[in-house]
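S.K.: Residue strings, one per chain:
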Amino acid sequence: MPRHAGAVALALVLVWCAHVAAESSPADLWVWGNATAVPILTPSIAQGLGVTLVSQFEVLPGGRVVALTTAGELFDLTARKPLPATSPLHVTSFTSDHDLLITIRGQRLGWYEEGKIVDRIQLPQSGLTVAAGSKQRLYLYGGRGNGSVIYLLEQGRAGLLVEIPNGQVSAFTAIGERLFFAVGNTIYTLAAGQPPAVLFIAAGQTEIRSLAPDPVSGMLCFSAGETVYAMRAGVAVSILRGLAGVLRHAGDALYVLDPAGGTLVQVRGLEKLIGGGGLAGSAEKPGATPFKE
Amino acid sequence: MKWQWHCGEAGGWAPRHGVILLCAALLLALAAPAHAGMALNQLCGAAGMGAGCVKAFKMPASPRMGGGMSPGGGMFGGMMGAIVGSVLMDALMSGLDEAPAQAVQQAPVDTARVQAFQQALQEQQRLQLERENKLLSQLRDRPASQIIGGTQDMGILEAVRADAGRPFDGNALSSPDDAWMTLYDAWFSPPPVGASPQAAGSQPVPIGNQPVSQAPGQLQEIQCMGQLCAFPPGSAPAVTIRTIPPPSGTSTAPAVALPAGGSVVPEMHEMEDRMVWAVSQRFGGTTGYPTDQADQIEIASFGSVTWAEAALPGMQREIASEGRGIYRRVMETVLTETFDVMSTAFAGRWQEALEKSDNIGESVKDSILSEYKMARLILKGDWRGAGEQAGTALNEAAQDTAAKKLIDDLPDLLRGPEWLKEGMRASGKVADHWLRKPYRSQ
Numbered sequence: 001m002p003r004h005a006g007a008v009a010l011a012l013v014l015v016w017c018a019h020v021a022a023e024s025s026p027a028d029l030w031v032w033g034n035a036t037a038v039p040i041l042t043p044s045i046a047q048g049l050g051v052t053l054v055s056q057f058e059v060l061p062g063g064r065v066v067a068l069t070t071a072g073e074l075f076d077l078t079a080r081k082p083l084p085a086t087s088p089l090h091v092t093s094f095t096s097d098h099d100l101l102i103t104i105r106g107q108r109l110g111w112y113e114e115g116k117i118v119d120r121i122q123l124p125q126s127g128l129t130v131a132a133g134s135k136q137r138l139y140l141y142g143g144r145g146n147g148s149v150i151y152l153l154e155q156g157r158a159g160l161l162v163e164i165p166n167g168q169v170s171a172f173t174a175i176g177e178r179l180f181f182a183v184g185n186t187i188y189t190l191a192a193g194q195p196p197a198v199l200f201i202a203a204g205q206t207e208i209r210s211l212a213p214d215p216v217s218g219m220l221c222f223s224a225g226e227t228v229y230a231m232r233a234g235v236a237v238s239i240l241r242g243l244a245g246v247l248r249h250a251g252d253a254l255y256v257l258d259p260a261g262g263t264l265v266q267v268r269g270l271e272k273l274i275g276g277g278g279l280a281g282s283a284e285k286p287g288a289t290p291f292k293e
Numbered sequence: 001m002k003w004q005w006h007c008g009e010a011g012g013w014a015p016r017h018g019v020i021l022l023c024a025a026l027l028l029a030l031a032a033p034a035h036a037g038m039a040l041n042q043l044c045g046a047a048g049m050g051a052g053c054v055k056a057f058k059m060p061a062s063p064r065m066g067g068g069m070s071p072g073g074g075m076f077g078g079m080m081g082a083i084v085g086s087v088l089m090d091a092l093m094s095g096l097d098e099a100p101a102q103a104v105q106q107a108p109v110d111t112a113r114v115q116a117f118q119q120a121l122q123e124q125q126r127l128q129l130e131r132e133n134k135l136l137s138q139l140r141d142r143p144a145s146q147i148i149g150g151t152q153d154m155g156i157l158e159a160v161r162a163d164a165g166r167p168f169d170g171n172a173l174s175s176p177d178d179a180w181m182t183l184y185d186a187w188f189s190p191p192p193v194g195a196s197p198q199a200a201g202s203q204p205v206p207i208g209n210q211p212v213s214q215a216p217g218q219l220q221e222i223q224c225m226g227q228l229c230a231f232p233p234g235s236a237p238a239v240t241i242r243t244i245p246p247p248s249g250t251s252t253a254p255a256v257a258l259p260a261g262g263s264v265v266p267e268m269h270e271m272e273d274r275m276v277w278a279v280s281q282r283f284g285g286t287t288g289y290p291t292d293q294a295d296q297i298e299i300a301s302f303g304s305v306t307w308a309e310a311a312l313p314g315m316q317r318e319i320a321s322e323g324r325g326i327y328r329r330v331m332e333t334v335l336t337e338t339f340d341v342m343s344t345a346f347a348g349r350w351q352e353a354l355e356k357s358d359n360i361g362e363s364v365k366d367s368i369l370s371e372y373k374m375a376r377l378i379l380k381g382d383w384r385g386a387g388e389q390a391g392t393a394l395n396e397a398a399q400d401t402a403a404k405k406l407i408d409d410l411p412d413l414l415r416g417p418e419w420l421k422e423g424m425r426a427s428g429k430v431a432d433h434w435l436r437k438p439y440r441s442q
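So the sequences go chain by chain: C and X.
Quick note on this note's numbering: the first sequence kicks off at 1 and runs consecutively.
Quick note on this note's numbering: the second sequence kicks off at 1 and runs consecutively.
Among the clues, some could well be false.
[What the hints assert, rightly or not] For lysine-lysine, the following BS3-like pairs were computed, each having C-alpha atoms within a straight-line distance of at most 30 Å:
| no. | chain 1 | residue 1 | chain 2 | residue 2 |
| --- | --- | --- | --- | --- |
| 1 | X | Lys437 | C | Lys116 |
| 2 | C | Lys81 | C | Lys116 |
| 3 | C | Lys135 | C | Lys116 |
| 4 | X | Lys437 | C | Lys135 |
Hints are computed from structural coordinates only; laboratory data are not their basis.
So here's chain X without its partners, still in its complex pose:
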């Protein structure tokens, strides 16, 4: 179809951007006059947030990073909507500079409209950035006790602590080393000796008054004779720790008396309702691999989605995670088509399996064409429908990324001949460690 030629040759995310951009340009050229407010509302509509959702960007009702899928609310009821809207916006923004030139070839362009639309997009992007920064600030800069206004947004540990009626005294931290330094201040550092221990171990409880010294001056030099060195002769330890007697083995632990006075009440929680079967058990259990084809596809789908989640980077992993249901359905469609290939390959007929796999593309053509559908909907002015198609395309993009990643990992997964490389020989390369430095003879 000629229209398909114009609106997207599939094959990678960048061309999809091109599809969106080209079609957006066509729309701009053909549609009625639009201004910034209308454009914003259209974008909001495309993101499934309704007309007027601009307010949500200015003043989020919740500090959540994303709402995920809401029951019955479609896939755009939260983070998916934000992501889709954002990606649509990015796609439009990144190519609008080129769009007029492309559009000129097909229809007259109203430069003023393009500029208005571009301004609207810039404003929308600014608001989104502002919102993200605000959320990040809330998550990272404030003590958690100030973030959690309602239990629905709590992490498990905060919720447990809130349930116990005590303030949470830590921060949601993100950078590895600095985080730990802050944590020392937050709860790893014991209070001065002599102070009353805090209940429930919210801070370490000192069990002595002898500060520990790890200063190099406290250590003795290792002496070497020949290539073998001798550990320094025995000396007094920097600190002697008299451990506390173990509490009784019951789950309801009593307060434990400490040598330096005071006591600590152990606090353990079992999350029965938050556990799920892990992958390995879900795969086979003790009864072996299921024989029913539907069960096998279900299991394979579960496994590949889980692997995709692990393999996908950043935002796409979020998509795979948040849109798991959709992602899974798409995967199952593909898996059903590929089941014959799988069976053939599993039977050891690799060449035959590969040949069969060549036909899969046609079988899943419908899902491949989602970007075409999206472009058509944009042309029709159906922004919501286009947004939904964009979501499908995003999931396909996630699949593509996952597939590429998995192709890279195939030698690992299948333990093929590629594994027969030197592997850890690299670990024997010269490392700049004091232990390897030339010994000092006595």
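One chain only, chain C, in its complex shape:
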């Protein structure tokens, strides 16, 4: 009987809730009042899994979250087990482009397939991070001397796109033809045919850790310190606090991973920051948000 099944489901969910409840978070975590935050990974679960993450993860089509471990494994946080590997993968960076997991290990660019890494391109240096753009473009960025470089690879061709003599790129993302990257607490933007430009300066912060464009609302989210901000048109507002997070946007959600703390949170509802619709205002009415404190 459906109702009984629902009750059973609720009971089981309660057990799960109680299980999660029993796991305490060492840090206070705050989210914007109109957003919904759902923890996907908690410190105790991460501890139970025996996994230590680094600051790289991807949300694949279908919502499956894959993260990179300190051991160079690709770990499926949704299934809570590592991806099959016939031998240690030793991945140092990875990204996803549709169904392909593109990897860097050491100084070689390749991809993950059937439990192993297929190396394809010898890179000009080590210590690069790979990011995917549109139209199967790949971007590699990393430090070189006191500065940074950004390489572009596209359809079997490659080249040095950007040289930054005096700063380390701490975050990078691409959407469409446009790139965003951060050096220190400043976000820069690049697009074909246009000069580079300063997009935003995060006052009071020393380094922007991660960038994630929200293509639906047109906001650019970034993280710095233990705060996540949503920025648009030169104004940034804090939307989440308590996580030194790396960001990814997928579907209608922002994912925030704190690799050191072993926490992954899925945040929805940030589109309410934009627009004059009732969605933004309704929840601010007294009594409409019983959980606001």
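Once you have looked at the hints, place chain X on chain C.
M.R.: Only chain X this time, still in chain C's reference frame:
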């Protein structure tokens, strides 16, 4: 009860429609003559908007999509009312074609009244559609600065910008790729080199005069020997960027001078009053899981409502969100009944917990019967009361959907044996990416 047999065997939303339709047909057959205007007003009344609310559909007083719950105004003071009214209307509309036939079996039918009522419903639906389209148009097609007549309807970013006394130059956009193309024009595209930078970073500020080229012609071909390919030898970068010196680490940031001239004033805002505890912290905090049963139920209720919100699709999520208080109360009722089951299950006695759960249906019978109550109220002509019951039924429908979704997700939630599937092996399937294409040997 025979009446219950006529007015609804519970079990899914479609049967509830049937309940409404059947009872509406009975009402049509039994009630005094009605015409379109009366029907409209009845519907408005059912939606809690008062008699005369037709005007509201024709000329909304506010561009808000929905008003949500108003304090002391009941659950139908805005979006809930609109939704409930709309659903009632949909239910009646979708089944009126069948309703006369059903009604014939129980009472004579005045075809003219049915047609009048149907026309009224169609008109009401048209007005509602018109209103929704108008609101959507306002939200999507106009620059935000024209939408926001009052601060009460502003999004946070617009409000911040308005507070700063500057026009907001973006649009409320919705489609992913096109939105970004428009955004380039709105504020990502820097002005021509040489122009004065805009204050406060409302547009990117150029820091050089060297346009970037990402054209494939600027790139060199990757050469391969064997299966491993070589990155092209070093060449000049397409663009060199000399970053600006970092401003001081204080929160009151001074204007930052830019290499190409001009300056930019960073603008950051901390939303202290808009933050709430997140789920994970609310669950346990640093003091561990509460021992008090009431607290545990409260926490479990919070968690399941939040999960339901995340799991519910579209309108039902809106309902769960807008009617959170009601939804929560219903959930708490159920949760109180299921606490024993939860405790048993949490103790690892799964079979016993499942057996206990079989008795829950009887315990929560009262809330299950809300659709029956609604049908009775319709028969009595108490449209407002029926509307309120419909709202309860909607919340139950939302629960049903959430429960079904959660049943689907249970293996995930509980990390049971179902998780031991191949998972990401699928990611190793052949992808049509240039990187995987056969290499070209030199």
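S.K.: With reference to the structure, classify each hint as holding or not holding.
M.R.: Checked hints:
| no. | hint | in the structure |
| --- | --- | --- |
| 1 | Lys437/X x Lys116/C | 17 Å, holds |
| 2 | Lys81/C x Lys116/C | 16 Å, holds |
| 3 | Lys135/C x Lys116/C | 25 Å, holds |
| 4 | Lys437/X x Lys135/C | 15 Å, holds |
Every hint, counting from the list given before, is met by this structure.
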